[in-house]
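Engineer: Fit chain B to the given chain A structure using the hints.
Here is what each chain is made of, one letter per residue.
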Amino acid sequence: VGEHAAGSTQEFLAGRFPFPQQLTPEQVADGVLSPEGIASELDKAGIGTGVLFAVYAPRTVGIAANEDVIADVKQAPGPLLRARQPARRSLEPGRSGRAASACAPRSASPGWSASSWPTRISTFAWTTRATSRSTRWPASSASPCISTPAAARSRAPPRSSRTPIPAYLEPAIAAYPGAIFILGHLGYDFKNKQPGALETCIDLAGRHPTCTSSPARSAARPPTPTARTSSSPCGASARPASSRRRSTAATARRARALSADYLDSTVAAMRSADYSRDEMAAVLAGNFVRVFGVKEPSL
Amino acid sequence: VSLVLALALALVQPTAPATSVAADGPAEARRARRTRFGESAAFDLIGGGARRRGAWAAGVQLGYPWFGLRAQVGVVPRLAVIAEVETALAQRWRPALGISLRWVDRPHLRLSGELLLGWLIQGEPLDRRGPNAEARLRLATPVGRVAPYLTLGTQHTLLSDRTRIIRASGTTTDWSARHEWTLKASLGLAVAIRPRVGLDFGIDLAWVGAPNSVGIPGLHAAVLFGGGPRGAQ
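Residue numbers (our numbering), protein chains in the order written: chain A, 1 to 299; chain B, 300 to 532.
Be careful, since some hints might not be right.
Stated by the list, open to error - Label pairs and their in silico Cβ distance ranges:
1) Leu-368/B <-> Glu-11/A: 27 to 35 Å
2) Trp-474/B <-> Gly-286/A: 46 to 54 Å
3) Ala-175/A <-> Gly-469/B: 30 to 38 Å
4) Ala-167/A <-> Leu-451/B: 26 to 34 Å
Since the hints were made in silico from the structure, they are not lab data. Glycine is no exception: its CB is placed at the ideal position from the N, C-alpha and C atoms.
Looking at chain A on its own, in the form it has when it is part of the complex (with noise of 0.2 Å):
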């Protein structure tokens, strides 16, 4: 390992909620992030179906395995999709198979092999790449990556001086042809408050088909991102490439801000930057179901 600083994903979590919520963090969170709460939110904002995705950020964010996802879609089955985590051996190189065996799925139901990849994993993934050739990203041949959907955000990690850098990622983009690389709120450096690998997201999503982008969370309200820069990524810049592969990954299960609220703030950056009916409609509906190319579920 190379380093890392202390500090833990309870205080990380518990620090984003008000005063005096984030004096008991568990039971705010047990609410807003209950298959209900997230429903509730959907419904609030007017979207139809949410996607749950598993996630592996035991320094950030936590750990939501498969299992606790197929519980949550199951409380909640008409608004709530859910892509599951591929073994962990793809997201972590280097570690031992015994570990990946016991992070592997071990459920059989059906849903998309996909995942949400932590901003430290990524980090360190990158990191190991830049600064060591022999490493190979990911290590594991056998990659659910291969022929099934990922998605990989690319925002700079909290409490961490490193910032990813998106352009890492592409010898993995190029290597696996099959599988769908999303990257994550546009690149946005949420630590400096600035658009950070936005460049960089536009040009890998334009000259890679597989290579997505998402903005989740770019145009969210104060205070990260700072209103003054919210409406950045939603620039003009950003939108010729890609506006037509975006994708809104879900972030519900981890915003702290309202979805409605989340989505009016989105609407006003993209109108502030001039984003035309149709462009506003690409970006806001049916990316999912495009991209993953799965099915609409009828509401």
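Structural biologist: Relative to the frame of chain A, chain B by itself:
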């Protein structure tokens, strides 16, 4: 000398109206009752300060998110020493000691200033430890058995942070200091049930971590009680 004299005069115990109920008539009885409740322990507590030496008052507050205990005792007229413990959801504690000086002491108006020094203790997941100081204003307007009141406080805490960076080559530890500013306000109504017992209901707003945060309003209810040397009430 003149300053000392002025301070001495300011702290001189105001002439207390007669509290004995003269059976001269209903008007006299009502006036006596008003005076009686005007000096109640409940109003001492929400108005701050002390009506005379030895007068004491205490209160137990329940609510969301703030719970608290407060006690005060007069050391000289208008000046009281106070001790209090406040907590938010039993996760954030602040014991403190301080003084409370009643600046304006009229039958229907009380204005006090308080200064408290204490220690902040907040548990996981957002650990906070450090010395704390608070300056507080109390304004109360007693009318009969009731007294609407407003309190405004500014609270400052010096926090220390430890950052450990774990590398393959070893672990380094750095310490840094941080300031937490909390603004607090309460608006409520105290009711004197008896001269020695009263109730308090109010709404609170605590802006913890101002200005980079938001505060969520709260509610509280409290039982207030007190007493004092003979003749104090």
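Engineer: Failing hints, ascending?
Structural biologist: Those not satisfied come down to hint 4.
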